[in-house]
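Use these hints to put chain P onto chain Y, whose structure you have.
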Amino acid sequence: GAVVSQHPSRVICKSGTSVKIECRSLDFQATTMFWYRQFPKQSLMLMATSNEGSKATYEQGVEKDKFLINHASLTLSTLTVTSAHPEDSSFYICSAGGRGVATQYFGPGTRLLVL
Amino acid sequence: QKEVEQDPGPLSVPEGAIVSLNCTYSNSAFQYFMWYRQYSRKGPELLMYTYSSGNKEDGRFTAQVDKSSKYISLFIRDSQPSDSATYLCAFTFYNQGGKLIFGQGTELSVKP
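Taken in order, these protein sequences are the chains called Y and P.
Throughout, this note's numbering is defined as the position within the first sequence, counted from one, plus 259.
Throughout, this note's numbering is defined as the position within the second sequence, counted from one, plus 68.
No wet-lab data here; the hints were simulated from the structure.
All figures in this text were calculated on a predicted structure; none of them were measured in a lab.
Be a bit skeptical, because a hint or two may be false.
To be verified - Taking lysine-lysine pairs in the DSBU-like style, the calculated list, with each CA pair at most 30 Å apart, reads:
| id | chain 1 | residue 1 | chain 2 | residue 2 |
| --- | --- | --- | --- | --- |
| 1 | Y | Lys279 | P | Lys138 |
| 2 | P | Lys167 | P | Lys138 |
| 3 | P | Lys124 | Y | Lys323 |
| 4 | Y | Lys314 | P | Lys124 |
| 5 | P | Lys167 | Y | Lys325 |
| 6 | Y | Lys300 | P | Lys179 |
| 7 | Y | Lys323 | P | Lys70 |
| 8 | Y | Lys300 | P | Lys110 |
| 9 | Y | Lys325 | P | Lys70 |
| 10 | Y | Lys323 | Y | Lys300 |
| 11 | P | Lys167 | Y | Lys314 |
| 12 | Y | Lys325 | P | Lys124 |
| 13 | Y | Lys279 | P | Lys124 |
| 14 | P | Lys138 | Y | Lys323 |
Claimed, not checked - Computed spacing ranges between beta-carbons, pair by pair:
| id | chain 1 | residue 1 | chain 2 | residue 2 | range |
| --- | --- | --- | --- | --- | --- |
| 15 | Y | Lys279 | P | Glu71 | 27 to 35 Å |
| 16 | P | Glu71 | Y | Gln288 | 26 to 34 Å |
| 17 | Y | Glu322 | P | Glu71 | 17 to 25 Å |
| 18 | Y | Asp324 | P | Ser120 | 40 to 48 Å |
| 19 | Y | Gln319 | P | Gly77 | 40 to 48 Å |
| 20 | P | Asp134 | Y | Cys272 | 42 to 50 Å |
| 21 | Y | Cys272 | P | Glu71 | 47 to 55 Å |
| 22 | P | Gln99 | Y | Leu335 | 25 to 33 Å |
| 23 | Y | Gln319 | P | Pro76 | 20 to 28 Å |
| 24 | P | Lys135 | Y | Glu318 | 35 to 43 Å |
| 25 | Y | Ala261 | P | Gly77 | 38 to 46 Å |
| 26 | P | Ser141 | Y | Cys272 | 40 to 48 Å |
| 27 | Y | Glu281 | P | Ser108 | 21 to 29 Å |
| 28 | P | Asp146 | Y | Asp324 | 34 to 42 Å |
From the three backbone atoms N, C-alpha and C, an ideal C-beta is built for every residue, glycine too.
Just chain P, with the same shape it has in the complex:
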């Protein structure tokens, strides 16, 4: 079983749609749960991180963690063409810049 599973897509949605991106993981020792956005040929950019189960909202983005199911999600409301990118979930154990374990990334395309 892979440590992290993420559907690579590609996922294509019309502008304004709600997007749901998901990852499952197997290691219950993960402490931090993150979502990164990566535009083509660029480095990843941190979108959101959470520590505990529950929801965290930032503008049009909502991160959701369910530790009991080992499942995390990122929701994007009112999606825009500028949201077109690859979204990577990431996990880590430590509190000071520890080693990150990434999902494969989901390629998202938002059509105008």
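Bound conformation, chain Y alone:
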């Protein structure tokens, strides 16, 4: 299957700092990437849809000024958590959708802990 990477896999930061998470599709071009958030023992909640070269579409209740998404190329999307607070601590997962059948390939996730 297709490979999607995320970096970093784990990050610990102080409250008030910003954290950038990268999502890369390694062996295919992804016109669309998705960012999810997952709390322990809960399902994935879609935060935003990122299209290459255009602004991201955010789900209801997700602050676009807090979670900045940039999709600069067909293989890279970034999520920046600005002025992070402890309640932003979570597991962030990206996925990349290529052409063809309705499937997405998920990255391994980034665990964010804000102290």
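Frame of chain Y, contents of chain P only:
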């Protein structure tokens, strides 16, 4: 009514058992039906997807879709300890990497 309902478990079975995982959904516009496996602290991995009602088999896994009842199932035969994970059903409308709607996930533990 929730768009997708999935029993969160946890479900514990002995090695070799047949496992049945299920989801119900309310949106008849869903076109693709998927099952993902997620190991602890990892991203989900696509197991199977189907488009129409009926069965689809892949090794020890069988996905079943009943559109008339809005019900999908995943069966795992001869379950192994390595199958221990959380299984998420997912649904989507589009044909090119559209937005996925996930179930809550069922935590499965297969005991040796």
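Tell me the numbers of any earlier hints that the structure contravenes, in ascending order.
Checked against the structure, the hints that fail are numbers 1, 3, 4, 12, 13, 14, 19, 21, 24, 25, 28, while the rest are satisfied.
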